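Peer 1: Letter by letter, the chains look like this.
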Amino acid sequence: MRKIFFVSVFLLIFFFLSSTNLLFAQEKTSNDYYQDLLKNFQIYQDNLSIFNVKKSRHLSLQTVDTGVELLDAVKNLILSEIKSMSSYTHFIRSYLAEATLILNYQENYLYVKLDDEIVFLRLAEERAKAISSLTEVNDFMQELALHYKTISSMGYQVKAIVDIWSVTKIFENLKVDTDKILNYINQTERSDQVVFAAKDKLAVLDRNIKSVDEQIKNIEKMQSKITSVNAKDTSENIKNIKIKILDEIGKVIDGYENIVLSLR
Amino acid sequence: MKKILMIILPIFFILSFFIIIIKYKKGAENSVTVSSPTQFPSPTIPQEQILISPNPVLDEIDNDLKKIETDIKKNRDDQRLNPPTFLLDLGIME
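Quick note, the sequences are listed as chains A and B, same order.
With the numbering used here, letter number 122 in the first sequence gets 122, and the count goes up by one each step, no holes.
With the numbering used here, letter number 30 in the second sequence gets 30, and the count goes up by one each step, no holes.
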């Protein structure tokens, strides 16, 4: 009886501890981080309005009291800004991780860089809390701006990577079907004109496939050359090329469907 | 008192065990779901499928092509990835 008692107590403690891990330690998804970003950005915008009011007041009155009020507003603004930036950084990091699971993206340098920025933002939050005068603010903001430029460029890089790898995955799936059609044509016992016509059509569509292949290589090169200066434009160009590629793949699918229909 | 504890504790343990199992199952259901505006393409199409049809190979190709078409339709620009704009020059030089 005593043994049962001790075993029960042990198991109870064990399950209590493990249950808290199971219930509360689940990793946040990109959607969770995006919701955080929306919430923090709303707070930032509210603080921005307050800052503008306090700034105008201080510029017109130039008193010690207005200076103190402005410093308080500045600190609140910077803290909410850093929190929003942190949510955005976490969001793009988890988004990339989720995409990686599906799209087999292998590189990890972006994760390392994003982790560095997350650490910087965490330290920056502590530094912002310790700001004691308006003169300290400018240097701090310059440093923050520099880091946010890097984070923004990584956001565009993630966008480009997801675009490229999604298209690549679709293209890989298409190539599987190309092989299936080719195998079917080669193995079929039919030798009528329909089979010859199908082969001709397949040869024509092969040009589209090669074109898609080249365009994917092209956007991969573009992505590898993304810098903080050209990130936005390059990401936009990649998106436009992606649309063209998907359009071309759509045409190939129409052609394949036509071949399949004629072979029935 | 000790006897009561010896009876209550095993009952309490069994109950907590079931509660944890139920909660864990619910948590697992929630944690797996990942939805975002950008739908990633479906995993690579299986090479072989057993279909009962006069022409299973052509049916399989047809199905694959439809899946790819669906992936293309789902693939759209996720504006959420665009970085938000912040005021970084506060203009409070003294």
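Accuracy of the hints is not assured; some may be wrong.
What the hints assert, rightly or not - Straight-line distance between alpha carbons at most 25 angstroms, and here's what the computed DSS-like set of lysine-lysine pairs gives:
| id | chain 1 | residue 1 | chain 2 | residue 2 |
| --- | --- | --- | --- | --- |
| 1 | B | Lys74 | A | Lys217 |
| 2 | B | Lys66 | A | Lys210 |
| 3 | A | Lys244 | B | Lys3 |
| 4 | B | Lys74 | A | Lys199 |
| 5 | B | Lys3 | A | Lys217 |
| 6 | A | Lys39 | A | Lys75 |
| 7 | A | Lys217 | A | Lys232 |
| 8 | A | Lys55 | A | Lys28 |
| 9 | A | Lys239 | B | Lys3 |
| 10 | A | Lys232 | B | Lys74 |
| 11 | B | Lys66 | A | Lys39 |
| 12 | A | Lys232 | A | Lys149 |
| 13 | A | Lys201 | B | Lys66 |
| 14 | B | Lys73 | A | Lys175 |
| 15 | B | Lys66 | A | Lys113 |
| 16 | A | Lys199 | B | Lys67 |
| 17 | B | Lys67 | A | Lys244 |
| 18 | A | Lys175 | B | Lys67 |
| 19 | B | Lys74 | A | Lys244 |
| 20 | B | Lys3 | A | Lys175 |
| 21 | A | Lys251 | A | Lys149 |
| 22 | A | Lys217 | B | Lys67 |
| 23 | B | Lys66 | A | Lys83 |
| 24 | A | Lys201 | B | Lys67 |
| 25 | B | Lys73 | A | Lys251 |
| 26 | A | Lys210 | B | Lys3 |
| 27 | B | Lys73 | A | Lys239 |
| 28 | A | Lys129 | A | Lys39 |
| 29 | A | Lys239 | B | Lys66 |
| 30 | B | Lys67 | A | Lys251 |
| 31 | B | Lys74 | A | Lys28 |
| 32 | B | Lys3 | A | Lys251 |
| 33 | A | Lys244 | B | Lys66 |
| 34 | A | Lys210 | B | Lys67 |
| 35 | A | Lys251 | A | Lys239 |
Quick caveat, the hints were computed from the structure, so don't treat them as lab data.
Note that the structure is a prediction, hence the values are computed from the model and not measured.
Peer 1: If a hint holds in the structure, say so; if it does not, say that too.
Peer 2: To see whether the hints hold, each was checked on the structure:
1. Lys74(B) x Lys217(A): Status holds; Cα separation ~23 angstroms.
2. Lys66(B) x Lys210(A): 22 angstroms, holds
3. Lys244(A) x Lys3(B): Cα-Cα ~77 angstroms, so violated.
4. Lys74(B) x Lys199(A): 31 angstroms, violated
5. Lys3(B) x Lys217(A): 75 angstroms, violated
6. Lys39(A) x Lys75(A): Holds - the C-alpha atoms of Lys75(A) and Lys39(A) are around 18 angstroms apart, at most 25 angstroms.
7. Lys217(A) x Lys232(A): 20 angstroms, holds
8. Lys55(A) x Lys28(A): Given pair Lys55(A), Lys28(A) is violated - Cα atoms ~37 angstroms apart, limit 25 angstroms.
9. Lys239(A) x Lys3(B): Given that 25 angstroms is the threshold and the Cα spacing comes to 72 angstroms, the pair is violated.
10. Lys232(A) x Lys74(B): Holds, at about 23 angstroms.
11. Lys66(B) x Lys39(A): With a Cα-Cα distance of about 39 angstroms, the restraint between Lys66(B) and Lys39(A) is violated, given a limit of 25 angstroms.
12. Lys232(A) x Lys149(A): The given pair, whose Cα atoms are some 11 angstroms apart, holds under the 25 angstroms limit.
13. Lys201(A) x Lys66(B): 19 angstroms, holds
14. Lys73(B) x Lys175(A): The given pair, whose Cα atoms are some 18 angstroms apart, holds under the 25 angstroms limit.
15. Lys66(B) x Lys113(A): 39 angstroms, violated
16. Lys199(A) x Lys67(B): 23 angstroms, holds
17. Lys67(B) x Lys244(A): The given pair, whose Cα atoms are some 19 angstroms apart, holds under the 25 angstroms limit.
18. Lys175(A) x Lys67(B): 13 angstroms, holds
19. Lys74(B) x Lys244(A): Given that 25 angstroms is the threshold and the Cα spacing comes to 15 angstroms, the pair holds.
20. Lys3(B) x Lys175(A): Answer violated: Lys3(B) to Lys175(A) is near 72 angstroms, above 25 angstroms.
21. Lys251(A) x Lys149(A): 39 angstroms, violated
22. Lys217(A) x Lys67(B): This hinted pair holds, its Cα atoms lying about 24 angstroms apart.
23. Lys66(B) x Lys83(A): 43 angstroms, violated
24. Lys201(A) x Lys67(B): Holds, at roughly 22 angstroms.
25. Lys73(B) x Lys251(A): 13 angstroms, holds
26. Lys210(A) x Lys3(B): Violated - the C-alpha atoms of Lys3(B) and Lys210(A) are around 80 angstroms apart, more than 25 angstroms.
27. Lys73(B) x Lys239(A): 15 angstroms, holds
28. Lys129(A) x Lys39(A): 20 angstroms, holds
29. Lys239(A) x Lys66(B): The given pair, whose Cα atoms are some 23 angstroms apart, holds under the 25 angstroms limit.
30. Lys67(B) x Lys251(A): Answer holds: Lys67(B) to Lys251(A) is near 15 angstroms, not above 25 angstroms.
31. Lys74(B) x Lys28(A): Holds. Lys74(B) to Lys28(A) sits at ~24 angstroms (cutoff 25 angstroms).
32. Lys3(B) x Lys251(A): 78 angstroms, violated
33. Lys244(A) x Lys66(B): 19 angstroms, holds
34. Lys210(A) x Lys67(B): 22 angstroms, holds
35. Lys251(A) x Lys239(A): 19 angstroms, holds
Taken one by one, the earlier hints fail for this structure at numbers 3, 4, 5, 8, 9, 11, 15, 20, 21, 23, 26, 32, listed in ascending order.
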